[in-house]
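Make the full structure from the sequences, and use the hints.
Residues per chain are reported as follows:
Number of protein chains: 2
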Amino acid sequence: MTGFTGSPLDRVDKLRSDPEAFIRFTSDWRGRVLGLEGLDPMVSAEGTLVWKGMADIAANAELVLLGLINDKPHFVELTTAKGDVFRSPAIWMALSVLSAEDAAIYGTARALIDWHNSHKYCSRCGTESELFRSGWGRKCPNCGTEHFPRTDPVVIMLAEHDGKALVGRQSRFPPGNYSALAGFLEPGESIEEAVRREIMEEAGVVCGKVRYIASQPWPFGGSQLMIACVAEALSTDIILDTDELEAAMWVTKDEAAAALAKAPDAIFNAPPPFAIANTLLTRWVAGE
Amino acid sequence: MTGFTGSPLDRVDKLRSDPEAFIRFTSDWRGRVLGLEGLDPMVSAEGTLVWKGMADIAANAELVLLGLINDKPHFVELTTAKGDVFRSPAIWMALSVLSAEDAAIYGTARALIDWHNSHKYCSRCGTESELFRSGWGRKCPNCGTEHFPRTDPVVIMLAEHDGKALVGRQSRFPPGNYSALAGFLEPGESIEEAVRREIMEEAGVVCGKVRYIASQPWPFGGSQLMIACVAEALSTDIILDTDELEAAMWVTKDEAAAALAKAPDAIFNAPPPFAIANTLLTRWVAGE
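Going down the list, the protein sequences come from chains R and L. Everything in the first sequence is counted per the numbering used here, starting at 893 for the first residue and increasing by one. Everything in the second sequence is counted per the numbering used here, starting at 893 for the first residue and increasing by one.
Same chains, same label: a pair holds when it works inside one copy or across any pair of copies.
Straight-line distance between alpha carbons at most 25 angstroms, and here's what the computed DMTMM-like set of lysine to aspartate or glutamate pairs gives:
{"no.": "1", "residue 1": "K964", "residue 2": "D920"}
{"no.": "2", "residue 1": "K1101", "residue 2": "D1146"}
{"no.": "3", "residue 1": "K1031", "residue 2": "D1135"}
{"no.": "4", "residue 1": "K1031", "residue 2": "E1136"}
{"no.": "5", "residue 1": "K1012", "residue 2": "E1038"}
{"no.": "6", "residue 1": "K964", "residue 2": "D910"}
{"no.": "7", "residue 1": "K906", "residue 2": "E1136"}
{"no.": "8", "residue 1": "K1154", "residue 2": "E1138"}
{"no.": "9", "residue 1": "K964", "residue 2": "E1093"}
{"no.": "10", "residue 1": "K1012", "residue 2": "D1044"}
{"no.": "11", "residue 1": "K964", "residue 2": "D932"}
In case anyone wonders, no lab produced these hints; they're calculated from the structure.
Written out as structure tokens, the structure reads:
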């Protein structure tokens, strides 16, 4: 299973579109609200998410219905707290202890909070918009435009040639860390075309056939859909775009396996298990 | 090849981020600007897109650099013309004659025009924003937020059971037309999770394993990334969500093949070749 997937929440699409059902849910004494410290998840001594009762929430709180678990409504309260995942040790620690299910719930909540904070105004006419659809949308009171949470497709991929895969590092990575190349898919592109373009732009490597491996949501820096692929490289010379990458290299399956196993003689550090680049490297080593 | 892919345009990411290069491109007498009638493509007698020279463009036109072909800059001029693909016979006729390359160029241009029209204001602070990055972004002069073209991932899929696939029809479809089920992927979901949720919501069918088949951009009604999959159904009873679908049924490979071939005895009409649902049905019939 890829990171941030496996949420047990039933999104009850029919019910969340019904304003009366939302009022019923917010009046349900069994309701629970996700515990946050700023934008980071509160984590219990047992390593689980912390849920608060409805009585702990201010009367004017803006609640988003995450969904139901065992018929109990689960919410997150919108907050304007600021956070930066790349500088929050708290979040990396939380992700190393939370179960997959809890990480998926937090990821969904975090993506929704960030989207509301960056979309308070109607992009069509500039008027302040209002929550609707139990928090899964915003509506403009002036022009009536309905806005829905944005998710940006990102391709993340290994170019493959003669049993070796291309990995790269950005200057902001911790020392020794390498990962798959990645970039935003653009309007007018298929997944396969975006994969080829990004590898060409960042590393100057020409690719042919592309195969899909896995996907996962990524809730930081805007909500993203990570789409992991392997591309057959038709050339091997690396021409680095130094604005994007500090270094790139071709690694064998043994070298990738050593990195994933955190072997002492590994020639690079692999990304953490909740990042899809880890899944991608693992499946590539396994021959997928 | 899926519809709206295969564009020959080089997007020159480095150059389009350079304001001086953009000025050079717009002063290049070899530059070409896409011919549009409203939002529809102008089509020549030979069935190709029509390109205008830079001299035909008003001095205050807002141009987006689509990219280069043979080093020649190709642009589209932003327009506030309104269009609705579902009511434009002109566009369906154009798509039936344009080459794949031309359809892909038009799709990219159309997606960018629609995005600019629905994102004139900063969603973070409500201020009118300005073009930057050769038209591949907008920047807020008040809060400095940079906005990039939005592409919504959509899953489109066949549930499969015992050699049959599930197809459905929306009430707005032409009579007799059936297609794959489809829906927007949401924050906090993988592709596979969105596929299972949508089939359950629309048809009440439980699915297990999901396999990826193909992808394509879809430039109408907002820029979308269509992600086509086949899901293994674990149940077969159809419980229709009549808000979404008017009818749904299980069809055999022979029945799908007859529909794709437009056989006179076909029990339904298949989607057109430039829609990925056609690709998906074709590949499913072929055993993929």
